[in-house]
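Asker: Below, each chain spelled out in residue letters.
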Amino acid sequence: MPEVTSSAKVRPLDELDIAGIVRIDERITGSYKPDLWEQRVMYYLRRDPLASQVAEVDGKVVGFMLADVRAGEFGLEEPGGWLERFGIDPDFRGRDLGRALFDAITAHFRSRGVTSISTLVDQNDKSLTGFLGSIGFRPSALQALEIPL
Amino acid sequence: MKVETIELPKKYHGAVEHWRRHNFKDYELLMDDWEKYFPTDEKFCLCAKMEVGTPDVIQIGEQKGEKKRIKPDELTENQAMHLLAIIKAQASTEFGSIQQHSGTLDRAMDDQDRAWVMRVMAEELRHGYQMLHLLLSEDWSHVSGGITGEQMVEEILSMTTGSHVLDSFNLDYDSFVDNVTFAAIIDRVGKYQLTMQKVCAYKPMADSMPPMLREEAFHLAAGVIPMRRWAQKAAQGDPLISMHMMQDSLNKWVPRGLEMFGDECGGHTNLKYGFKDLSNRAAVEQYYVAITKMTRDIYARFLRARFPDYSPEKIETTLRELESTRGTHHGVAFADLLRVPDKRFFRRKGEHAFLMVGIDGETFEDAEQYLHYLAKHLNDGYIASRDMRNYADCLRKVAAGEMTRDQAVKAMPKLKRVGGSCPCSRSVRWVMEEANGEQQTVAVRNH
Chain A
1413 MPEVTSSAKV RPLDELDIAG IVRIDERITG SYKPDLWEQR VMYYLRRDPL
1463 ASQVAEVDGK VVGFMLADVR AGEFGLEEPG GWLERFGIDP DFRGRDLGRA
1513 LFDAITAHFR SRGVTSISTL VDQNDKSLTG FLGSIGFRPS ALQALEIPL
Chain B
194 MKVETIELPK KYHGAVEHWR RHNFKDYELL MDDWEKYFPT DEKFCLCAKM
244 EVGTPDVIQI GEQKGEKKRI KPDELTENQA MHLLAIIKAQ ASTEFGSIQQ
294 HSGTLDRAMD DQDRAWVMRV MAEELRHGYQ MLHLLLSEDW SHVSGGITGE
344 QMVEEILSMT TGSHVLDSFN LDYDSFVDNV TFAAIIDRVG KYQLTMQKVC
394 AYKPMADSMP PMLREEAFHL AAGVIPMRRW AQKAAQGDPL ISMHMMQDSL
444 NKWVPRGLEM FGDECGGHTN LKYGFKDLSN RAAVEQYYVA ITKMTRDIYA
494 RFLRARFPDY SPEKIETTLR ELESTRGTHH GVAFADLLRV PDKRFFRRKG
544 EHAFLMVGID GETFEDAEQY LHYLAKHLND GYIASRDMRN YADCLRKVAA
594 GEMTRDQAVK AMPKLKRVGG SCPCSRSVRW VMEEANGEQQ TVAVRNH
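In the order they appear, the protein sequences are chains A and B. To convert, count from 1 in the first sequence and add 1412; that's the working numbering. To convert, count from 1 in the second sequence and add 193; that's the working numbering.
Just to be clear, a hint being listed does not mean it is correct.
[Unchecked claim] Quick look at which bits of chain B chain A covers, simulated, 3 or more residues with Cβ under 8 Å:
id	stretch
1	222 to 234
2	365 to 375
3	407 to 414
4	418 to 430
5	490 to 499
[Said to hold, decoys possible] Here are some of the chain A residues that sit facing chain B, going by a computed Cβ distance under 7 Å:
id	residue
6	R1435
7	E1450
8	R1458
9	R1459
10	P1461
11	S1523
12	V1526
Treat the hints as calculated values from the structure; they're not laboratory data. Given the structure is predicted, the values throughout are model-derived calculations rather than measurements. For each residue, glycine too, the CB sits at the ideal point set by N, CA and C.
Could you put together the complete structure from these sequences and hints?
Answerer: Spelled out as structure tokens, the structure:
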């Protein structure tokens, strides 16, 4: 069992977390994208501010998971939970923070009467598919399709 | 998480709609553009929203463990009077902020920022509506001094900038910078108040809080995100926005925000009555930490745009260096740093009222010197206002020993709109309410 989040606090996202999220993303991807994250954080805050979660250690944001409830898209009329983006500061991996964030999101989705959670993943990203598999995601009948233009 | 929606009786719903037509003229435009700016978001609903499934038991105070009260006459008389004042003040702030936003809304440089503020206004209208629901859905007559629900609604809807209960809602905006700073600074006080009131021993009040708080999250973002983007533009040399403009606006609103929590030594009645779960001082401390973080993040955004090659760690080091040396770093001076003013700066209420303290904690002995200092650190439009003149008059008297600080706090006059309940009505009389309660007519406006 990894060193779980004994010193970590998981709480709903707020607008003051933008800088922390930008920093985590930059550590992971190597690129600085404040505009993108301002846009995404605003999107999630205006739709369902309690769904998305961040993990804090000693007052510093070290992980985030953005999610919301959607209905009526792609012919899916039933409200369903969607997990979009998440990231854990590389220095804080191996502490089960991803699971803690996901548990908090799941609890919120349940309180909204949601019965399933979906996400899209690049199957070639073994680390990501591994993580999603470990928290219970399984392949779905819904398939992502694309045509190159 | 389940929410019940309630519409006010037709007469009152119509009164709010009528008020909205006068005070929020762009409402229809917002509804028309909703899909453009907020695609797939739930449509706006002018209704009261009550959270279902909140705790039934009082969580704090002398009645902790007892069943929450669901009617005003289940509260003690003192409790009911106190809560009624809170609800009326809250209603006043919600409607007041719409009036403030309206004045400078059209000056927004960016259509998206404007649409965000319009949504904030619509949701504040709903919050005001929520408070009217609390006033009208139960009988408060035993503690309202015989004033009926209808009269209370009329009083609230007749308030205009200058006559609201709290000072922050009596200041005109001087530019769209104020719209945004207000959302980041003053709406944040609202977030703290609503969060504290989630425990309220009066269940309808507690049930009102979660839906309002969810909307408030957007309001804060509608303040912080444009400020972050402005910081980037300022760093890149955009002549139309500067850190100086943002700092002046912070200097105007932060002191009023701190005062909205009430006197630092107070708030214990709310704890005793089970209406809030933090004392004023505890809440102010948390708030101050939050706005300091917000301001620092915005400034880091400025530095990163100014020095795009710097790593996040180097930005943090630079920021710390500027804060500790108060010097300069490749043309960026400490004086240009966006920062939260000292808690004692430009205060007119609370334990720091009428002390002469600068943004960085520097103290002044001479009132004229301090007023000149304020004139340098507040925007011109605000300096040339009646509000500032009243403050200056009191400050000079305090400094000359003609008035105690406590007397000065009480002497800050208020304009009170007396007359019809709606801007349609004619002959509105403005009165200056003096410390002794006497009223003096200062202006009559005929429509």
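Asker: So, for every hint listed, does it hold in this structure?
Answerer: Against the structure, the hints come out as follows:
| no. | hint | result |
| --- | --- | --- |
| 1 | 222 to 234 | holds (count 3) |
| 2 | 365 to 375 | violated (count 0) |
| 3 | 407 to 414 | holds (count 5) |
| 4 | 418 to 430 | holds (count 4) |
| 5 | 490 to 499 | holds (count 4) |
| 6 | R1435 | holds, 5 Å |
| 7 | E1450 | holds, 5 Å |
| 8 | R1458 | holds, 4 Å |
| 9 | R1459 | holds, 6 Å |
| 10 | P1461 | holds, 4 Å |
| 11 | S1523 | holds, 4 Å |
| 12 | V1526 | violated, 10 Å |
Against the hints set out earlier in the document, violations occur for numbers 2, 12.
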